[in-house]
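Asker: Protein chains in written order, with the working numbering: chain A, 22 to 153; chain B, -5 to 90.
Calculated directly from the structure, the hints in this document are not laboratory data. Hints may contain errors.
[Claimed, not checked] Computed cross-link-like contacts, SDA-like style, restricted to lysine to any residue with a CA-CA straight-line distance of at most 25 Å:
#1 A:Lys126 - B:Met24
#2 A:Lys126 - B:Gly85
#3 A:Lys126 - B:Asp18
#4 A:Lys126 - B:Arg26
#5 A:Lys126 - B:Gly79
#6 A:Lys126 - B:Leu19
#7 A:Lys126 - B:Thr38
All values reported here derive from a predicted model rather than from experimental measurement.
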Amino acid sequence: MNSVNRFPLVGLAQGMVLTVGDFYSSTQRLRAILLLDTGSSITTLTPTAMHRLGLDPQNPQEHRITHVWGGVHQTPILIMPRLRVFGQERCNIEVACGDLPPAIKLDGVLGLNFLQHFDLRINFRDAYIELC
Amino acid sequence: MNEKNEYVKCIQDAHKQDNENQADLVSEMMSRYPDEWVFFEVVTEDEYGAPHTGRLIAHDPDREVVENVVRERRELYDIAVWYSGELVPDGELVLL
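Using the sequences provided together with the hints, build the complete structure.
Answerer: Encoded structure:
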């Protein structure tokens, strides 16, 4: 378990804020590269990342309507037993399953349904993040 | 299986075992295989909880090749599959 609560800001050079999300299924623990996005309602993983966790995106808990730039989609939603990011964690959190463009080599998006439970501070000038 | 094939398989298994017993810095693994997908088992974390050292399981420029290995190695618990090149093509923007 990490003992710090101030984390380096990663990805700014590529125009993003990136982090490692620690996803736990009943059989696997996956260190996924996520884009931090306070404009996304829900945390999302690609189908490939879901498969790595032994989860089946074809068998979701439910489908939910999601609005994206490309239009409106029925998006599969799965329950993730545990998600840990920036030293904080949530259990049984909803995670949407959605593909990113192939040129983007990320595993998903860290969205509001995780972040809203904490106090998020991003200091761009000094390049650090705090989540407490 | 003839004697020669058995010997070759034995050597291959030994190399595989050596490889899996060895933990490397994740940063070194990523720079050793530029522009490839790198599948590793996490061994230790850094002070921020991110993977610090790991055991290399597979690497390849073709993502599907590596994902096939992930499917075959379900016994590994703490895993990561990271791309060692640019996560977004240089000069391009992300708008999700």
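Asker: Would you pick out the hints that fail for this structure and give their numbers low to high?
Answerer: none
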